[in-house]
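K.L.:
Take the sequences, apply the hints, and build the full model.
Residue numbers (our numbering): 1 to 515.
Source of the hints: derived by calculation from the structure; they are not laboratory data.
Computed from a predicted model, the values in this text were never measured in an experiment.
Ideal Cβ placement from N, Cα and C applies to all residues, glycine included.
Misleading hints may appear alongside valid ones.
[To be verified] Computed spacing ranges between beta-carbons, pair by pair:
id: 1; residue 1: R174; residue 2: V407; range: 42 to 48 Å
id: 2; residue 1: D383; residue 2: L237; range: 33 to 39 Å
id: 3; residue 1: P84; residue 2: T332; range: 52 to 58 Å
id: 4; residue 1: K307; residue 2: K443; range: 44 to 50 Å
id: 5; residue 1: R515; residue 2: K307; range: 32 to 38 Å
id: 6; residue 1: E140; residue 2: V407; range: 26 to 32 Å
id: 7; residue 1: T142; residue 2: G422; range: 29 to 35 Å
id: 8; residue 1: K270; residue 2: G422; range: 52 to 58 Å
id: 9; residue 1: L282; residue 2: D171; range: 17 to 23 Å
id: 10; residue 1: E230; residue 2: A141; range: 45 to 51 Å
id: 11; residue 1: V120; residue 2: S226; range: 20 to 26 Å
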Amino acid sequence: VKNHMWIFVNCLIVNPTFDSQTKETMTLQAKNFGSKCTLPEKFINSVSKSGIIESVLSWAKFKAQTQLQKTCSGKKQNKLKGVPKLEDANDAGTKNSLDCTLILTEGDSAKSLAVSGLGVVGRDKYGVFPLRGKLLNVREATHKQILENAEINNIIKIVGLQYKKKYETMDDLRSLRYGRLMIMTDQDQDGSHIKGLIINFIHTNWPSLLKLPFLEEFITPIIKASKGKEDVSFYSLPEFEEWKKDKDNWHTYKIKYYKGLGTSTSKEAKEYFSDMKRHRILFKYGGDEDDKHILMAFSKKLVDSRKEWLTNWMSDCKRRAELGLPEDYLYTKTTRVVSYKDFINKELVLFSNMDNERSIPSLVDGLKPGSRKVLFTCLKRNDKREIKVAQLAGSVAEHSAYHHGEVSLMSTIINLAQNYVGSNNLNLLQPIGQFGTRLQGGKDAASPRYIFTMMSPLTRLIFHPHDDPLLKYLKDDNQKIEPVWYIPVIPMILVNGASGIGTGWMTKIPNYNPR
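P.N.:
In structure tokens, the structure reads:
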């Protein structure tokens, strides 16, 4: 503010004192001035309307953009150093860079699959770089967050992108190290979210790039049905369900579910890359509607729009089920091009819906899916002796088809067992060891390797065994897992409370005394 403003003060001070003969700095305390300065409201209003605030904000934004441009922008160069885990294409940054494709993979296991595939297509035109988890949502991120985000800065450096530069023609693409960006993620909802975050990253900084044939995805099968020499691949669950309906002898096929790219073998990777035409899907810009949908999905300001979008999708799913129609899915056998609008309405919406299911507890039993999986496993094991939390987490993953890291499962088990003031009124598991205190909200629990747990005596009385036959159990990978929800004899959502933030919705219910 000081750099953009001069203040001239004309005043009379009784017996002023100064720090030197030049009288540049007055040392007299304000209480001894002999008068008070009260600024009228009219003066305050005139200063606020002077444009000083806009000027300062504009300068701050310009300074941050300049810093980003100077620090984070890439450039076209043949050899790139200092980017760990990058498998650079031989032609990247050369005169043939327009024909090069950078494959962004979801983690190191997916990178191994892509590298196996490079044995088929060669390393001249294809590079591989693994992402560590989910990309930052840059739309509302601060410049500090972007500057400190190694993942984003590495992508910019590898591709050779420059902030503030517009890429509007194919000639503009020639200035990049790679002419295309291919996203290769697991074919699950979290993989869809990663694709969406990469689209959002490009759209926020270089929207014109989405209008060019720059961004594409690499899809792999979710399910394979095999019988003898016959192999049938399915790229969505609804497609598999339709095939089952039409195939009377489907149960004679060997069904294999692919939970992640790491499930595929090196031989299968080579098969995928041999048939690039089938697995390579181009994202095609379809006009202003695409821009609106990307904004709606990722802007924090458009929460109400996301709510409406999800509500409409749920209503449509319900209507299709009532009419006996199959689920609407994105990838068919002939799909080669996908618009951004269709990707958001048919694929990203599945993540947003699952995010709500995962984050917001059920009204019936007060449990989230992770907690329900833990309860299901404990009821199934019916242990009479205590078990280590780390061992129980492994057992839950085995019995309930849990597809994420076991660290989050251990955290869920600890939360279910906590009984300090302010946590659970009725803990479903027993805390045998240090399960945390209210001083740090339970985060000071001991390592899962050192603490034990087992089912609380009250748990089977609350979730009565006579209700078990009434429950609707889910199936995953041809395995019977936990029910949609349990039926407690008292409303556990009120007893232990609930909190969760999903997409478009959130909930916060306090604990109530069960007595």
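K.L.:
Now tell me if each hint is right for this structure.
P.N.:
Cross-check of the supplied hints:
1. R174 / V407: 42 to 48 Å: holds (45 Å)
2. D383 / L237: 33 to 39 Å: Holds: the Cβ-Cβ distance is about 34 Å, inside 33 to 39 Å.
3. P84 / T332: 52 to 58 Å: For T332 against P84, whose Cβ atoms are near 38 Å apart, the range 52 to 58 Å is violated.
4. K307 / K443: 44 to 50 Å: Violated: the Cβ-Cβ distance is about 31 Å, outside 44 to 50 Å.
5. R515 / K307: 32 to 38 Å: With a Cβ separation near 37 Å, R515 and K307 satisfy 32 to 38 Å, so the hint holds.
6. E140 / V407: 26 to 32 Å: holds (28 Å)
7. T142 / G422: 29 to 35 Å: holds (32 Å)
8. K270 / G422: 52 to 58 Å: holds (55 Å)
9. L282 / D171: 17 to 23 Å: holds (20 Å)
10. E230 / A141: 45 to 51 Å: Roughly 49 Å apart at Cβ, these two residues keep to the hinted range, so it holds.
11. V120 / S226: 20 to 26 Å: holds (21 Å)
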